[in-house]
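K.L.:
Start from chain B and add chain Y according to the hints.
Those sequence lines, one after another, are chains B and Y.
Residue numbering for the first sequence follows our numbering, starting at 342 and increasing by one per position.
Residue numbering for the second sequence follows our numbering, starting at 403 and increasing by one per position.
Keep in mind the hints are simulated off the structure, nothing from the lab.
Glycine is no exception: its CB is placed at the ideal position from the N, C-alpha and C atoms.
It is possible that some hints are incorrect.
[Unchecked claim] Okay, the calculated beta carbon distance ranges per label pair:
#1 B:Ile390 - Y:Pro896: 49 to 59 Å
#2 Y:Gly646 - B:Ile390: 28 to 38 Å
#3 Y:Asp770 - B:Val384: 48 to 58 Å
#4 B:Phe383 - Y:Arg897: 23 to 33 Å
#5 B:Leu372 - Y:Tyr689: 17 to 27 Å
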Amino acid sequence: MEFLNFLLIFVAGYLVWRKPDKEKLAFRLLLVSLALLVYGFFVGSRTSILPGVNF
Amino acid sequence: MKNQAPFTVLAVAVLALAGVLGTASFVLGFGFGDSPCILCWAQRLGMALVALIGIFILRYGPKPRYVGLGILLGAYGLYMAVRHSGLHLARDVGQGFSVELLGAHTYIWSAFIYWIGVVVMGVLLLLFGEGPLEGGTREPGKLGRAAMAIFLVTIAGNVVQAFVTAGPPPYVGGGDPVRFSFNPSHWAWTFEEYEGPGPGWRGRWAIDKPRLAGLPSDPQQGPLAALPGLAIRRRMPIGVALRGEVSALAAAPDGERFLLTTDAHAVGIVDPTFTRLERSTVVDPAYSVDLGRGFVGAAWLDAQTVMAIAENKSFVLLQTDDHADAASNFRYFLVPTTQWRELQLGRFSTVRARMMYVRSLAYDAGSDSLLTVAVPNRQTPKLVVSRFERGDLTLSEEFEPGLAPGAGLKLATPGRSLGEYYVSGAAVADGRLYALSAAYDTLLVIDLAARQVVGAYAIPGLEQPRGLALRDGEMFVAEAGGRLAVVERPALAPR
Numbered sequence: 342m343e344f345l346n347f348l349l350i351f352v353a354g355y356l357v358w359r360k361p362d363k364e365k366l367a368f369r370l371l372l373v374s375l376a377l378l379v380y381g382f383f384v385g386s387r388t389s390i391l392p393g394v395n396f
Numbered sequence: 403m404k405n406q407a408p409f410t411v412l413a414v415a416v417l418a419l420a421g422v423l424g425t426a427s428f429v430l431g432f433g434f435g436d437s438p439c440i441l442c443w444a445q446r447l448g449m450a451l452v453a454l455i456g457i458f459i460l461r462y463g464p465k466p467r468y469v470g471l472g473i474l475l476g477a478y479g480l481y482m483a484v485r486h487s488g489l490h491l492a493r494d495v496g497q498g499f500s501v502e503l504l505g506a507h508t509y510i511w512s513a514f515i516y517w518i519g520v521v522v523m524g525v526l527l528l529l530f531g532e533g534p535l536e537g538g539t540r541e542p543g544k545l546g547r548a549a550m551a552i553f554l555v556t557i558a559g560n561v562v563q564a565f566v567t568a569g570p571p572p573y574v575g576g577g578d579p580v581r582f583s584f585n586p587s588h589w590a591w592t593f594e595e596y597e598g599p600g601p602g603w604r605g606r607w608a609i610d611k612p613r614l615a616g617l618p619s620d621p622q623q624g625p626l627a628a629l630p631g632l633a634i635r636r637r638m639p640i641g642v643a644l645r646g647e648v649s650a651l652a653a654a655p656d657g658e659r660f661l662l663t664t665d666a667h668a669v670g671i672v673d674p675t676f677t678r679l680e681r682s683t684v685v686d687p688a689y690s691v692d693l694g695r696g697f698v699g700a701a702w703l704d705a706q707t708v709m710a711i712a713e714n715k716s717f718v719l720l721q722t723d724d725h726a727d728a729a730s731n732f733r734y735f736l737v738p739t740t741q742w743r744e745l746q747l748g749r750f751s752t753v754r755a756r757m758m759y760v761r762s763l764a765y766d767a768g769s770d771s772l773l774t775v776a777v778p779n780r781q782t783p784k785l786v787v788s789r790f791e792r793g794d795l796t797l798s799e800e801f802e803p804g805l806a807p808g809a810g811l812k813l814a815t816p817g818r819s820l821g822e823y824y825v826s827g828a829a830v831a832d833g834r835l836y837a838l839s840a841a842y843d844t845l846l847v848i849d850l851a852a853r854q855v856v857g858a859y860a861i862p863g864l865e866q867p868r869g870l871a872l873r874d875g876e877m878f879v880a881e882a883g884g885r886l887a888v889v890e891r892p893a894l895a896p897r
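The following block holds chain B by itself, in its conformation from the complex (with noise of 0.2 Å):
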């Protein structure tokens, strides 16, 4: 998954140096890629939400 959301910067990267006019398209990517952010901290981390030290 992780290799998705570099792919999806990349792209949203290239369009914004490459192809301003492509801003909400590429704004768009950059909501996906986000949500593909908290897709795999809830993976990462859902088995202990709060950072796992003593509490």
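P.N.:
Here is chain Y on its own, set in the frame of chain B:
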């Protein structure tokens, strides 16, 4: 927007982040074979997104939605850094996960990087000056274009590394990845992070607090089979008034006084009839060591010095003193007293019993040390004895006792274990630890030198025992409801 200073700062910040992302991928990954775990990826992705938002602002101006997302990602990154570092913070010095850079591991550095990121965002907002944040497509300039290009190169490196290490969807990064390799036969894509327990707040640190209510009491149902019995000779009320319910007791070295503690952090010294209170007080349980939900163990170290311990192994060391200053004592005691001095508040640290609470404390005069017996929990169903030197109050020994060969003890069935006992009272005599279990009302006698259970006895009829003291040929057991049971002491051969 004519003010170019913020964009210059932003371009430099994006270049710096790109440097971090490029170093992580090209140098640590491709160069040294480092592979991020799933949480490392989560932190690195957050940094990439912060840099991407920087590029959005370089190109489209500081639109509030971009600035807002940047701040949200900064908060996310700081949280993730703590979440990830938390897995390793409590290890011994120098230990950690994967590579160390400049004396700190990568997950620690991520906290610093995100913190710098948030600081930079604040600086940028200041530099943008007064007036509403406004956007508009702009020419990013040479520095901005360089930032974009270098950013994309570093992201390309991470695309490759992520494909090799974590794999294509639906694979996700692993918790314990193998080193990076361009050889496909070494790739180890995994679904392991989808497995395991469901969502929770505190993970493995969510240990249930000890409770005596509801424990099974029938000794014949316990893990040890066919135990001899000890008779309760008499019962007597505890005839003194202390704040809270008595939770533990200990006999003075001369046997002429007893120390009582309660579940409301009271301590008191009484005579052997338990009717005359010599002195008492209530320890402040919150400043500055958290003494938990009351004391659960008591020990008498010498004629003037006593210790009370809470279930979280935090303790207070007290001394009797008939000339103590009440004003000075305000900070230590909830009840004004001129009869006590607080010597020390502290916490015992354990290794084997680290994820376990305790319900007992004992003092071993022979070795001048203190002992606790941890109570089992769902995650750690064990019986662990921990010893602490009195001199430095530091762990010196820890063990799980076994059954002594030739003691005539055996498990009722092969699947049972001593970890089913729930020791709520302890005392030491003649190099033996007497550990009274509130589960199955059983007394275990543990030879401290051999680390073995040399005797076990059923004491049917006890009611939630909490606290054990030895005096002459008898054992004093505090029970629920403020009563004492006086039990015959087992006859053991001299050591």
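K.L.:
So, for every hint listed, does it hold in this structure?
P.N.:
Hints and how they fare:
no. : hint                            : result
1   : B:Ile390 - Y:Pro896: 49 to 59 Å : holds, 56 Å
2   : Y:Gly646 - B:Ile390: 28 to 38 Å : holds, 35 Å
3   : Y:Asp770 - B:Val384: 48 to 58 Å : holds, 51 Å
4   : B:Phe383 - Y:Arg897: 23 to 33 Å : violated, 57 Å
5   : B:Leu372 - Y:Tyr689: 17 to 27 Å : violated, 48 Å
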